[in-house]
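Novice: The task is simple: from the sequences and hints, build the whole structure.
This is what each chain is made of:
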Amino acid sequence: MRNQKTLMWTVMYAVLCLLAAMWIYPIVIAFVESFKVGGAGNYEAVLNHPRFDYWSAIGNSFLLAGGSTVVIVIISSLAGFAFARMRFRGRNFLYRALLACMAIPVASVVTPLFATMNDLGLRDSYVGVIIPLVAFNVLVMLLLMKNHFDGIPQELVEAATIDGARPIGVFTKIFLPLSGPVLANVSVLSFVYCWNEYLLPNLLLSSESKFPVTAAVALLQYERMSQEQIGQLYAGLILMTIPSVIVYLFSQRYLQSGLTAGAVKS
Amino acid sequence: MRQFGGRWAPYLYVAPIVVLAGALLYYTVGFAVWASLTDWNGLTRMEFIGVENYERLFADRTFYIALRNTLVFMVATVFLQTVLGLLIAVIAKERMPGANFFKAIFFLPIAMAPAIIATVFKYMFEANYGSLNETLRALGLLGEDDSILWLGADLGVWSIVVINVFAWMGFSMMVYFSGLMSIPDELYEASSLDGAGWWRRLFSITVPSLKGTTGVLILLGIVGSLKTFDTVWLTTQGGPGVSTHFLSTFLYQERLNRDAGYSSAIGIFILVAAFVLSLIQTRVSSREK
Numbered sequence: 001m002r003n004q005k006t007l008m009w010t011v012m013y014a015v016l017c018l019l020a021a022m023w024i025y026p027i028v029i030a031f032v033e034s035f036k037v038g039g040a041g042n043y044e045a046v047l048n049h050p051r052f053d054y055w056s057a058i059g060n061s062f063l064l065a066g067g068s069t070v071v072i073v074i075i076s077s078l079a080g081f082a083f084a085r086m087r088f089r090g091r092n093f094l095y096r097a098l099l100a101c102m103a104i105p106v107a108s109v110v111t112p113l114f115a116t117m118n119d120l121g122l123r124d125s126y127v128g129v130i131i132p133l134v135a136f137n138v139l140v141m142l143l144l145m146k147n148h149f150d151g152i153p154q155e156l157v158e159a160a161t162i163d164g165a166r167p168i169g170v171f172t173k174i175f176l177p178l179s180g181p182v183l184a185n186v187s188v189l190s191f192v193y194c195w196n197e198y199l200l201p202n203l204l205l206s207s208e209s210k211f212p213v214t215a216a217v218a219l220l221q222y223e224r225m226s227q228e229q230i231g232q233l234y235a236g237l238i239l240m241t242i243p244s245v246i247v248y249l250f251s252q253r254y255l256q257s258g259l260t261a262g263a264v265k266s
Numbered sequence: 001m002r003q004f005g006g007r008w009a010p011y012l013y014v015a016p017i018v019v020l021a022g023a024l025l026y027y028t029v030g031f032a033v034w035a036s037l038t039d040w041n042g043l044t045r046m047e048f049i050g051v052e053n054y055e056r057l058f059a060d061r062t063f064y065i066a067l068r069n070t071l072v073f074m075v076a077t078v079f080l081q082t083v084l085g086l087l088i089a090v091i092a093k094e095r096m097p098g099a100n101f102f103k104a105i106f107f108l109p110i111a112m113a114p115a116i117i118a119t120v121f122k123y124m125f126e127a128n129y130g131s132l133n134e135t136l137r138a139l140g141l142l143g144e145d146d147s148i149l150w151l152g153a154d155l156g157v158w159s160i161v162v163i164n165v166f167a168w169m170g171f172s173m174m175v176y177f178s179g180l181m182s183i184p185d186e187l188y189e190a191s192s193l194d195g196a197g198w199w200r201r202l203f204s205i206t207v208p209s210l211k212g213t214t215g216v217l218i219l220l221g222i223v224g225s226l227k228t229f230d231t232v233w234l235t236t237q238g239g240p241g242v243s244t245h246f247l248s249t250f251l252y253q254e255r256l257n258r259d260a261g262y263s264s265a266i267g268i269f270i271l272v273a274a275f276v277l278s279l280i281q282t283r284v285s286s287r288e289k
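Chains as they are written, first to last, in UniProt numbering: chain A, 1 to 266; chain B, 1 to 289.
Hints are computed from structural coordinates only; laboratory data are not their basis. We put the beta carbon where it would ideally sit given N, CA and C, even for glycine. Keep in mind that the hints are not guaranteed to be accurate.
[Unchecked claim] Just the calculated beta-carbon pair ranges, DEER-fashion: (1) B:207 to A:118: 50 to 58 Å; (2) B:67 to A:51: 36 to 44 Å; (3) A:253 to B:198: 24 to 32 Å; (4) B:96 to A:161: 50 to 58 Å; (5) B:34 to A:154: 43 to 51 Å; (6) B:49 to A:41: 54 to 62 Å; (7) A:206 to B:98: 45 to 53 Å; (8) A:253 to B:207: 54 to 62 Å; (9) B:15 to A:161: 47 to 55 Å; (10) A:40 to B:198: 46 to 54 Å.
Specialist: See the structure below:
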């Protein structure tokens, strides 16, 4: 029995190590390549690049992802509260009509979206990217918020209404304080999704000074690249990943539970 | 439940999301339907031409290449992500030392932008001086003057599959892992007493108990395949020629060609497919409850 267990663990470790090696390989390659030709100077060169401004790309990403996250959290919790606990005409219809939009792939409507943002005078502006970022990401969050609010005991609501609390008071004094972990899930997920979005900023922004990291990657690439330029590109990619890794380290738990909840409940 | 919030207040709570998300998305989709029936350059000059774009689409060779690539990608990524995700989750549940470390490695790419992952792989896969071929040459697995065209017409789609599995397998692993946690230990204890071995338990208890999770992961993977754009656009851009186009990149290429009406028709095709698939997903997941 003992031997069998040892054998089993050896096989399992072997499988894990083999797979882990495949997952670590690209990361190691990126590090090695970023130093191979040009050494640490590549990092310096990227930080003083004529076209690519590292700090502004990071700042733009924080602005777009952070701004979208704030809007998503506010509007999805307000609507989730109403859909879970208020009665009104057209409630189910509205809720279903909203959730149906979760299936829309961004790519399928790019040109109409571009034209609409252009007509609204929002092309090449931060707001013009935040609005579609919110639209395409908020509905999953609405689902998570409503499912959570559904589970809050009705007695709490009744006790408060008897005491004369208004709906907004029930929302801010009872529902929100009981929603810490869900709000954390929704915030972290929204932030990561919006930070990682590639198509929307590329479609809607034209000034390079407004590019977030996903769009700024293009500024480090040319038709024909020297080994040194490739080293600089890798250095830039690593530098641009650092904020994601920091966010990941601080929010791993919420990211995991949020993703899992989103998958199981949708 | 009692009336709560009066007659009009509820609408104030839902108004922001209805306007920002609902109205914008429905307007855009309606616009796309209309645009797909026109000859349009993307900004001005829009001329109604009926279903001509769709006739052209179903006769277009590139459309079938893109459709085939999207389907190959769909089947391959869903298969690899679920099988590897389940395998690692099952191993990690044995709670051997270091299991959490391995889980963290596989989950890490979820936090990285796909655009950055794709760019790293693009240069790694490059045929002449790319690191993967260099590594294979150093190991003697590839001749000094040989190169494998990882992003060429034959292998391109498979390389894109590899990138996607790298980026998303950790997600399946995590979802499976939390599913495993909800299988009662008594089930395993009872079958151990019956003398069932590890493999028997895997296929008679674990896999059947996770049927619902597997269903959800498969459908999320399928819908995700239709949404895949950045990984393809940033590596092969659909090339060489049109050999590695996906539906989404084919659409984007036509948009860049100022053929926005035609591009919108491709969009409507993707949209209909996504809606049908997510209807199936809703059916399956509500049956699981």
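Novice: Are the hints correct? Go through all of them and say.
Specialist: Each hint tested on the structure:
no.	hint	result
1	B:207 to A:118: 50 to 58 Å	holds (51 Å)
2	B:67 to A:51: 36 to 44 Å	holds (38 Å)
3	A:253 to B:198: 24 to 32 Å	holds (30 Å)
4	B:96 to A:161: 50 to 58 Å	holds (53 Å)
5	B:34 to A:154: 43 to 51 Å	holds (45 Å)
6	B:49 to A:41: 54 to 62 Å	holds (57 Å)
7	A:206 to B:98: 45 to 53 Å	holds (48 Å)
8	A:253 to B:207: 54 to 62 Å	violated (27 Å)
9	B:15 to A:161: 47 to 55 Å	violated (23 Å)
10	A:40 to B:198: 46 to 54 Å	holds (49 Å)
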